[in-house]
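Take the given structure of chain A and dock chain B to it, following the hints.
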Amino acid sequence: MGFSATLGQTLYRFDDLGSLLARASPARSGDRLAGVAAGSDAERVAARLALADLPLRTFLTTDLVPYEADEVTRLIMDSHDGAAFAPVAHMTVGQFRDWLLSDAADGAALAALAPGLTPEMVAATSKLMRNQDLIAVARKCQVVTRFRTSIGLPGRLSVRLQPNHPTDDPAAIAASILDGLMYGCGDAVIGINPATDSVGRTTELLSMIDDLRRRWDVPLQSCVLAHVTTLIQVMERGGPADLVFQSIAGSEAANRSFGVNLAILKEAHEAALALKRGTIGDNVMYFETGQGSALSAEAHHGLDQQTMEVRAYAVARAFRPLLVNTVVGFIGPEYLYDGKQIIRAGLEDHCTAKLLGLPMGVDVCYTNHAEADQDDMDNLLTLLGVAGCSFVMGVPGADDIMLSYQSTSFHDALYVRSTLGLKPAPEFEAWLAKMGVMDSRGRMRPALEGTGAGRLLAGSAPQAGEAA
Amino acid sequence: MSNGTFDSAFDPWANLRRFTPARIALGRTGDGLPTDRLLEFQAAHALARDAVHQAFDAEGVADQLCSLAHVIVRSQARDRATYLQRPDLGRKLDAADKEALTAMSCPSKGSHDGYDAVIVLADGLSARALHDHGAALLRAVMERLAGWNLAPVVIARQARVALGDDVAAALNARMVLMLIGERPGLTAADSIGAYLTFQPKPGVTRDAERNCVSNIRPDGLPLPVAADTIGFLMSEARRLKLTGIGLKEDRPPELTNG
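Just so you know, the protein sequences line up as chains A and B, in that order.
Each residue of the first sequence is one higher than the last, beginning at 1 in my numbering.
Each residue of the second sequence is one higher than the last, beginning at 1001 in my numbering.
If we strip away everything but chain A, and leave its shape as in the complex, we get (with noise of 0.2 Å):
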């Protein structure tokens, strides 16, 4: 099935859906590295004008990736709900863009269009949105998923505090921890990447926090994102594990590089249902995602990075999580070469997921060797508030020293909040107010004097004999 369109006077010609896809993306160079990127912005404009063309219901009837040979598509044809997709079901992809930036587009009206929605029909979509589109369009959308905090209220920010360290050392986890704390931050998480993947040391670090959460009645949730077969062994064995996490990706063959398929993963969240530790809810998984890892893995089947990337949404909506996020611009300039990419790819990524119906959260982050830096950084954390991205990441002075990248930091955070009026989960922010972090006028101004914010840090700060 070919495509085409005409641009001056010149006849462009698309051999496939996922070629005209690919032509149509904004310019990355992970597509170039691919080769399957727009040779001018001519031709990548003449791609958009035949997508806008193209009836939404087109996507239901053409595999990108072969329905046989891959369970992600599998996942996405036979979970379709063709009754929430009936409002749309005559449109082109062009009207369908329209229709999500009309009055009518409402958050009722979008949460209850998600299940009919594929990763596919959203991916080409979002070709055709400038950056205050995909902004627009995300802001309507209202995604609530609740543990011990409930993420993504409107109006309000959450935070995943990030303490990684090098050797995973629990004194100086415990340190980050504590900093980030009195900084109104880990209401979306406390989660630590780990430096060794092992079950003894995932549970250590996990009861550690279970310990500072129960001694001080903190309305949170933790996470070590080991491997989710680790995190299964940990359960087996009786670790306080709250969340269980896993990197995914669009392709069968992409997930496979991460030593994951759906079966594992629905084995990891029955067993994480069955402990029953959520207070409020029982969304109980944790994904990271990112534009080029299937690209990386060589399994993107010839499609562009971020068709591939919505396809990862398809398998995380599977098991209802708590949270989700695009660690952005971790994967390096080869992916998404600068500031502009970086910032493009993030509002895509939150976007889309949105519409998926996820609560989609973003690292926003860079490398050494793109070409980006911290005012990158702020310019997308900003627009991501604006959105009403549910949650960001929080790493003491936006240096992951574990993972040598810069992500957003604690001061960050209060930045992001307290301009746009955002405020942290209720639950959270209630025991902010109690322990004396959060000030009368909700700014984070912790008293230590006779508060439980002084109880804190004086009863649970490593002890000297601690240090590595």
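Since the hints were made in silico from the structure, they are not lab data.
Treat each hint with caution, since some may be false.
Derived CB-CB ranges, DEER-like [to be verified]:
{"#": "1", "chain 1": "B", "residue 1": "A1100", "chain 2": "A", "residue 2": "D16", "range": "39 to 47 Å"}
{"#": "2", "chain 1": "A", "residue 1": "P426", "chain 2": "B", "residue 2": "E1040", "range": "56 to 64 Å"}
{"#": "3", "chain 1": "B", "residue 1": "T1102", "chain 2": "A", "residue 2": "D16", "range": "37 to 45 Å"}
{"#": "4", "chain 1": "B", "residue 1": "V1204", "chain 2": "A", "residue 2": "A84", "range": "43 to 51 Å"}
{"#": "5", "chain 1": "A", "residue 1": "E270", "chain 2": "B", "residue 2": "A1146", "range": "44 to 52 Å"}
{"#": "6", "chain 1": "A", "residue 1": "P426", "chain 2": "B", "residue 2": "A1046", "range": "24 to 32 Å"}
{"#": "7", "chain 1": "B", "residue 1": "R1239", "chain 2": "A", "residue 2": "A42", "range": "30 to 38 Å"}
{"#": "8", "chain 1": "B", "residue 1": "V1204", "chain 2": "A", "residue 2": "E270", "range": "34 to 42 Å"}
{"#": "9", "chain 1": "B", "residue 1": "T1187", "chain 2": "A", "residue 2": "G39", "range": "36 to 44 Å"}
{"#": "10", "chain 1": "B", "residue 1": "A1009", "chain 2": "A", "residue 2": "D211", "range": "42 to 50 Å"}
{"#": "11", "chain 1": "A", "residue 1": "A42", "chain 2": "B", "residue 2": "C1212", "range": "43 to 51 Å"}
{"#": "12", "chain 1": "A", "residue 1": "D106", "chain 2": "B", "residue 2": "I1245", "range": "47 to 55 Å"}
{"#": "13", "chain 1": "A", "residue 1": "R215", "chain 2": "B", "residue 2": "F1010", "range": "23 to 31 Å"}
Only some residues are given here: those of chain B computed to face chain A with a beta carbon under 7 Å [claimed, not checked]:
{"#": "14", "residue": "L1016"}
{"#": "15", "residue": "C1066"}
{"#": "16", "residue": "A1069"}
As the structure is a prediction and not an experimental result, all values here were calculated from the model.
Built from N, CA and C at the ideal position, the CB exists for glycine as well.
Same frame as chain A, but now just chain B:
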């Protein structure tokens, strides 16, 4: 302090900083970073960025090798911007340089043909790391390879790890050791990574078939310690005829102590 709250550049839990190198208890002004902390971060990032983009002085590194036989080559990535966006080109030797290396290849004689190993000094993501410690690390490694039939040292511009596979194939060497500048972090911008691959096959060899020793720099993994580990791995690789997940870094205690 006033009314039980504060708004200052000081966090009263600064005593926690002794437990971690993480940037905790930075203090704040309003919700922002105090000026000294802001500039501290910018300085670290600037050093890292400069290390990524600094031009590789291959001739200067060659001069440090004194009388050692060497040859300078380049990858198919012509400049830094291309290198950063096209890792595939950084893994392939320039065609003319490949011919030049082939002309220097070790003649085959029966089943034990070829050089035992070739060592490559490559800019990777930090030319500065090679400028500062490349030659010293090379000498330390070579001191531990007495009796080896080594190819001339190869100095490579705009190189990724897998460029070594092309180099080894062209020179007819059975093993390649890449000493390559690592991606600079905020803490260190001068780390060398050592990648060892036995019988590399260009375009086929996977990362799981390599051994890696990372963070080699005076303030990280010291050069003599790294050279001991690399020398041990190379000897074991020659004995076991493999590298990768089947070759473990753990040395028997007597060797570690010796």
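Results of checking the hints against the structure:
1. B:A1100 <-> A:D16: 39 to 47 Å: holds, 43 Å
2. A:P426 <-> B:E1040: 56 to 64 Å: With Cβ atoms ~36 Å apart, the hint is violated.
3. B:T1102 <-> A:D16: 37 to 45 Å: holds, 41 Å
4. B:V1204 <-> A:A84: 43 to 51 Å: holds, 47 Å
5. A:E270 <-> B:A1146: 44 to 52 Å: Check failed, 59 Å falls outside 44 to 52 Å.
6. A:P426 <-> B:A1046: 24 to 32 Å: violated, 41 Å
7. B:R1239 <-> A:A42: 30 to 38 Å: At roughly 60 Å between Cβ atoms, A42 of chain A and R1239 of chain B fall outside 30 to 38 Å, so the hint is violated.
8. B:V1204 <-> A:E270: 34 to 42 Å: holds, 40 Å
9. B:T1187 <-> A:G39: 36 to 44 Å: holds, 41 Å
10. B:A1009 <-> A:D211: 42 to 50 Å: Cβ of A1009 of chain B to Cβ of D211 of chain A: about 32 Å, so the range 42 to 50 Å is violated.
11. A:A42 <-> B:C1212: 43 to 51 Å: holds, 45 Å
12. A:D106 <-> B:I1245: 47 to 55 Å: At roughly 54 Å between Cβ atoms, I1245 of chain B and D106 of chain A fall inside 47 to 55 Å, so the hint holds.
13. A:R215 <-> B:F1010: 23 to 31 Å: holds, 27 Å
14. L1016: holds, 4 Å
15. C1066: Violated. Min distance 32 Å.
16. A1069: Since the shortest Cβ distance to chain A is 32 Å, the answer is violated.
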